[in-house]
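From first to last, the protein sequence lines are chains R and W. According to this note's numbering, the first sequence holds residues 600 to 712 in order. According to this note's numbering, the second sequence holds residues 436 to 548 in order.
Hints are computed from structural coordinates only; laboratory data are not their basis. Just so we're clear, the structure is a prediction, and the values are computed from it rather than from any experiment.
Dumping the calculated DSS-like pairs for lysine-lysine here, alpha-carbon to alpha-carbon at most 27 Å:
id: 1; chain 1: R; residue 1: K661; chain 2: W; residue 2: K535
id: 2; chain 1: W; residue 1: K535; chain 2: W; residue 2: K503
id: 3; chain 1: R; residue 1: K677; chain 2: W; residue 2: K535
id: 4; chain 1: R; residue 1: K677; chain 2: R; residue 2: K614
id: 5; chain 1: R; residue 1: K670; chain 2: W; residue 2: K535
id: 6; chain 1: W; residue 1: K535; chain 2: W; residue 2: K496
A short, non-exhaustive set of chain W residues, derived as facing chain R with CB atoms under 10 Å:
id: 7; residue: V439
id: 8; residue: Q441
id: 9; residue: I444
id: 10; residue: Y467
id: 11; residue: Q477
id: 12; residue: G478
id: 13; residue: K484
id: 14; residue: C526
id: 15; residue: G529
id: 16; residue: I537
id: 17; residue: G541
id: 18; residue: R543
Glycine included, C-beta positions come from ideal geometry on N, C-alpha and C.
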Amino acid sequence: EAGVVQSPRYKIIEKKQPVAFWCNPISGHNTLYWYLQNLGQGPELLIRYENEEAVDDSQLPKDRFSAERLKGVDSTLKIQPAELGDSAVYLCASSGGARETQYFGPGTRLLVL
Amino acid sequence: AQSVTQPDIHITVSEGASLELRCNYSYGATPYLFWYVQSPGQGLQLLLKYFSGDTLVQGIKGFEAEFKRSQSSFNLRKPSVHWSDAAEYFCAVGTSGTYKYIFGTGTRLKVLA
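Bound-form chain R, shown alone:
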């Protein structure tokens, strides 16, 4: 069974540019999460989806970050415009439900210059 797929794996952009990350969860997983992992830190939740509904986006900086999961499967996380402090790893995870174990993708490593 395929795991959580993320792309790109690496991205380097200039500050003020937009960037987007894509995630394809494990088949059949209704719950999808986006996490931010700063260097030397544990992941921190940005947003959680139940199917296509964002049920917890309290930690998402909405002035520059946006996310969507239009058909309840794939998801895209966008930053516009990117700032130097956004350099981090963006992890996607999915689970069979909110109470179920989360499985993580390999992450997208973002470097903002």
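Got chain R sorted already, so can you dock chain W onto it with the hints?
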């Protein structure tokens, strides 16, 4: 508020030696507890989890963890470390109300040949 503390930022052990990684949590109710491992440039892989029942939990790769409610701890152990165990280890607590995972800051394990 829920929190997870991993007191050891770095641990170095010799190959074949035993290992114990510490994790303490703060949560008012019975927590869901997890240990994940992250190799460089990779996502998080689930080692083991505790939801209820037997407080000694067996995981993959020969790891085990013990939930001690009185000490609010969920320490990870392995009797004999292999060089391939060198990675970063994250403890996480899952909250039953919001279904969030709160991660610790991680412990980086180095294994000496």
